[in-house]
Amino acid sequence: MDEAIKVIDSHCHIASEEHTPLSFIEGSVANMVVALTAQGVPVSAKKLMNIFMNKMQDPLGDQLVAEMEAAGISKSVLLIADFTYALKDCRLSIAESFDRHREVMLRHPGKFEVFGGIDPRWGKDGQDLFERSLTEFGFSGFKLYPPCGFSPSDPALFPYYELCAQHRVPVLLHIGPTAPVLDFTISYPFLVDTAARLFPTVDFILAHGAVSFVEECVMLCRFRPNVYLDISGYQACLGFDPTAAAVRNIVSLGINHKVLFGTDFPVFRLQGEQKDFVQVVTAQGGPLAELNERDKALVLHRNVERLLEQRAVAVPA
Amino acid sequence: MEVTAELDDKIIALIAASVPGKFKKTKITVATNLQQELGLDSIGMLALVFRFEETFGIDIAQLGLDINIAKLKTVADLIQVGREILDKAQIGAA
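Residue numbers (the numbering used here), protein chains in the order written: chain A, 6 to 322; chain B, 918 to 1011.
No lab work stands behind these hints, which were simulated from the structure alone.
Every residue, glycine too, gets a C-beta built ideally from N, C-alpha and C.
Be aware that one or more of the hints could be misleading.
[What the hints assert, rightly or not] Some chain B residues near chain A, calculated using beta-carbon distances under 7 Å:
hint : residue
1    : 953
2    : 958
3    : 960
4    : 961
5    : 967
6    : 971
7    : 972
8    : 974
9    : 975
Hey, can you work out the whole structure from these sequences and the hints?
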């Protein structure tokens, strides 16, 4: 591993059931139960839930910061996915979730950027909250979770994109399958194309673009100047591909100015720690081994820094 | 408690049973990395834990132990934790 290289994690979440409803987690656990049962392993959903929930007890971000430190990650982007419209078992309102994230950001100065997420069906209230997040809270982007039931090119989102253009902050949207309680059919990357075309000064980041709809994500990154992707989710393949070939592939396609490193913490906490996931990517002979130093830096920190540096508003003291 | 070597062999046999086909030919030693050399992802690690409980007739959660699966990197780590769990179970049963 290159000891000196800077790493910024473009895709993280707070590990707390406050922000992730049980129905979302139960759906993911259901897939594990099916896989384990097929192997003849005696397991119950309840038991698996308990194991998973033990990894979701970091509401203040303290464990995450410790793991970042151990991994050499200098900063992480915390993403707020708004499940509060689609799933009715959320513990917090989206406004409360924004408040908690703001507290975490202030608790760990310099460690986090936050992208607030709003379901566009919250209407004007949602727009006002998002604007406040940029002007008062010091958040630095917009997070979308289309599987909750809307297209990223839904005109209801255009006022948000206008705010993003005005404040020069990026949009990060989920791509590909997710918890089975949500709709996979609207997680297709080309659904963002209309928005990306109509808002050319807004940058759109396709989350998990190295592992879901890869070909489509690469096309968009190559031909839309304002579309990027992050590699988070590569850990899902490490069991059968310990060399992270998905990452090696994505950085070999001539779009390294569009590729962002990300881990999707805490989704893979049963599999390893942040330092393991950084090590896999940065190891000698690893997926970035054939890149020159400039391209490595682009992927590991420069690309996301470039997007964040465009921000037009001052961060509140 | 079982003789240590016998216990270690049982744990290694459990690991071998959880290794996906692609990695079946990998020689398992105490230094072998569970994920990178044996292809054990989160599902594989969970399978291993549940098979361990079944084999030894214990429930780790009921023992009040907080096993951090993410910290188990090598076969040696797993053997060490397995010994600790069984020691705790033995104390509880005494």
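Discussion item. Residue 958 of chain B was flagged as interface toward chain A. Is the shortest Cβ-Cβ separation under 7 Å?
Written reply: Since the shortest Cβ distance to chain A is 3 Å, the answer is holds.
Item to complete: Using Cβ atoms only, decide whether residue 971 of chain B comes closer than 7 Å to chain A, and label the hint accordingly.
Response: Hint on residue 971 of chain B: holds, closest Cβ of chain A at ~6 Å, below 7 Å.
Fill in: Cut-off 7 Å, beta-carbon criterion: hint that residue 961 of chain B touches chain A
Residue 961 of chain B check passes; min Cβ-Cβ to chain A is 6 Å, inside 7 Å.
Practice prompt. May I ask you to test the interface hint for residue 975 of chain B with respect to chain A, counting a Cβ-Cβ separation under 7 Å as satisfied?
Written response: Nearest chain A Cβ about 13 Å off; hint violated.
Worksheet item: Against chain A, is residue 967 of chain B within 7 Å by beta-carbon distance?
Response: holds, 5 Å
Worksheet item: Per the CB criterion, is residue 960 of chain B less than 7 Å away from chain A?
Response: holds, 5 Å
Worksheet entry | Supplied contact hint for residue 953 of chain B, tested at 7 Å Cβ to chain A | holds, 4 Å
Discussion item. Interface hint check: residue 972 of chain B, Cβ to nearest Cβ on chain A, cutoff 7 Å. Holds or violated?
Written reply: violated, 11 Å
Fill in: Interface hint compliance - residue 974 of chain B to chain A, C-beta minimum distance less than 7 Å
With Cβ-Cβ at 12 Å, over 7 Å, it is violated.
Hint compliance for this structure: hints 7, 8, 9 are broken, all remaining hints hold.
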